[in-house]
Each structure stands twice: as C-alpha cells, then as structure tokens.
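Hints in hand, dock the two standalone chains.
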Amino acid sequence: QQQVKQSPQSLIVQKGGISIINCAYENTAFDYFPWYQQFPGKGPALLIAIRPDVSEKKEGRFTISFNKSAKQFSLHIMDSQPGDSATYFCAARTTFITQGGSEKLVFGKGTKLTVNP
Amino acid sequence: NAGVTQTPKFRVLKTGQSMTLLCAQDMNHEYMYWYRQDPGMGLRLIHYSVGEGTTAKGEVPDGYNVSRLKKQNFLLGLESAAPSQTSVYFCASSYSSRRTDYGYTFGSGTRLTVV
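If you read the sequences in order, they're chains R and C. Each number in the working numbering corresponds to the 1-based position in the first sequence with 1018 added. Each number in the working numbering corresponds to the 1-based position in the second sequence with 11 added.
In case anyone wonders, no lab produced these hints; they're calculated from the structure. One or more of the hints may lead you astray.
Below 30 Å or equal to it, Euclidean Cα-Cα: the simulated DSSO-like pairs (lysine-lysine) are [what the hints assert, rightly or not]:
no., chain 1, residue 1, chain 2, residue 2
1, C, Lys20, R, Lys1130
2, C, Lys20, R, Lys1086
3, R, Lys1023, C, Lys68
Chain C extracted, bound-state conformation (with noise of 0.2 Å):
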C-alpha cells in the first residue's frame, strides 16, 4: 500500500547511544517532517524537509540530526541519545500546499525508549 513507512516499530537505548530512524514515503511528496510525541504535549516539529537535499530546524531540533539524501528517504538521527527523548516519533510526508489534494501523510510511528 502506499504511503509512509516508519523503520523500526520499536526501540530501545542506552543513554549515549546512536540510532537512525529511517522514513520512506512512496507518494512523490517534496515535502516531508518529523515530530515527536508526548503525553500532553501534542505533536512539535523537529526538522522538516522542502526537497532532495534540503533540510531546515523545526521547534525541538537539539540532540536531532536529519539527511534527505534522496527525495523518498528522510533519516532522523539520534547522536547521544538521552532519557529525555523517549518518545514517540512520527514521520509526515505532503504535496506543497499549491496543491488541492494537501494534507499530511503521516506514518505508524516509532517508539522509542532510552535507559
């Protein structure tokens, strides 16, 4: 089905340790997001991405990285992971807005625990 694929479904670290989330969407979208979730909290905004190549900060990048090396994939990169990013994270992928059929596609999430 189409749609966007989160990788892995489940995680846990050890404080200090690295990790990639991989996102892959299969919609030509040029737009694609990633967000953190929280009891609370709603849904904030990491980094985002408007193309191939291209990154830019969201509302809670510290201690995130990301790469769109190609324009389907958009990694989410942990460097040092610490307690406070356990999470639940959530890629998006959209169309840009000059489209009548905008919206968000968001994948299944990956959660992730860090001890």
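So here's chain R without its partners, still in its complex pose (with noise of 0.2 Å):
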C-alpha cells in the first residue's frame, strides 16, 4: 500500500525526443506526486511536482500527467537533450499521520535517463 512503482528502470532516448516515465500507486491517501532528478555524484533536486486534483502541470519541457481513477502518474520530457541524462524518482506523500505527525514521501526506485546526441 506505500509502495510507488516506477518503470522503465533505464530508458535510451534520442536527442529531439519524447521521455516518458510512468508510476502507479495503490494508496488513495497520498496527496503530492513529486518528481525528482539526481545527476552522478548528486543528490535529488525537486523537478516538478503536481496534486491530484489537476490533471496536468507543465513547466517548460516537463510535464506530469495525472490519472487519478487509474492511480497512475507520468513524467514526459519533451525535446529530450543530453543533458536530461540523469536518474529521475517519482515519489508520493502520505497524509497518514503516524509517529509523531510526519508526513513522508515514498520513492519509487528510480529511472536511469540517457539522451543520445
């Protein structure tokens, strides 16, 4: 139930093209659907994150599409550039409160990106 799957686990994209990431869920409890990306010898960065009363969010080349009935959410990276090359995580936050009242995210195990020139 807190689990969050991520696939592809590694994923070869041409320069020019689309990336797609894909995450389901089965907890309806989680609120927030973040996406992180983490270059080598990095630690995650925040991508872009969306709720799940919307949709779509979009910013620049990212987009997250949601679907909550299917319990599913994507990353699409649109004109794909070699320096997108990088692992990304989906992740989902729970607003179970437990211990203390924390809310914690839950990582899917990550995709690895590369982009051809």
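Structure representation (structure tokens):
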C-alpha cells in the first residue's frame, strides 16, 4: 500500500525525442506527487510536482500527467537533450499521520535516462 | 548558499567500527530525513525527525541510530559498521506539508564503504 512502482528502470532516447517515465500507486491517501532529478554524484533535486486535483502540470519541457482513477502518473520530457541524462525518481506523499505527525515521501526505484546526441 | 550540508563526503570504515554522519540545514525546516541509496533499490528511508528532540524509524532502521538535539542538525550513527551498510547516504529536509513551498531539499550525499 505504501509502494510506488516506477518503470522503466532504464531508458535510452535520441536527442529531440520524448522521454516518458511511468509510476503507479495503490494508496489513495497519497496527496502530493513530485518528481526528482539526480545527476551522478549529486543529491536528488525537485523537478516538478502535482497534486491529485489537477490532471496535468507543465513546466518548460517537463510535464506531469496524472490519472487519479487509474492511480498512475507519468513524467514526459519533450525535446529531450543530452543534459537531461540523469536518474529520475517519482514519489508520493502519504497524508496518514503517524509517529509524531510526519508526512513522508515514498520513492519509486528510479529510472536512468540516457539521451544520445 | 542555503541548503543541506553533509559531512563527510567519503569514508571507508572497517567492519565493527563506528562513525557519525552529520547533516546540517540552514532553511529552518521542521522535518529532516536520512535515506540510503543502493543500485536498483531507489531511496530507502532510514530514520526521520519531525522536530528538535524527536526521531522515528523509517523503512530500514536496523543498525543505525539518530539524534536531533538542534533543529538544524540531524546525526546518523553507525554503532558497529557492517559491509551491508556500504551505500550512499543522503540527508534531506523539508517544511511541513501545510506550506505551499513544501518539498524535500537533499544534501550531496556521503559515500560510505565498509570493508
């Protein structure tokens, strides 16, 4: 119930192509869905996030699509560039308050994206 | 620059040795977290804290202890290191979810090798 399943594990895309990473969840109490981008040797950094009352959010070349009924959300990277090569993590926040009141993020296992020039 | 600072960046330990990883944030965040990252396993939560003086167990707490004596610092301790604790450790901090600028800020990580 607390899991977020992410696919694919790795993705190779040509420059200019569209990268699509998918995530699925079971827990309907999740209320916030961020995506993090991690470059080698660095910590993850927040890329874009969406709340379940919105079906799509776009920031530049990055778009989150959210399907509440299917309990799925995805990251689309348009016009993919070699500089986008990184590991991407989806996450979801639980609203269930336990152990002192912490809302925690549950992360997917990550997708390593390689954009070839 | 404001953010999350982790020390040390690299460390090699012998089995059975102990060490403490330090995380410091200057954003006045209430919450702080320790994750470990292993190939194919994603980010797994070790321990977290919702405020000064409070800590709680995450997904993989065994073999680790934490303390948060000051709001800005969160320490992760390994009492008797084991090779299975070889990993990259990330600290993160956040405001509470009630804020519109909610989101995790991660440090740059500590790469720990236990031999």
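Outcome of the hint check:
no. : hint                  : result
1   : C/Lys20 <-> R/Lys1130 : holds, 23 Å
2   : C/Lys20 <-> R/Lys1086 : violated, 40 Å
3   : R/Lys1023 <-> C/Lys68 : holds, 22 Å
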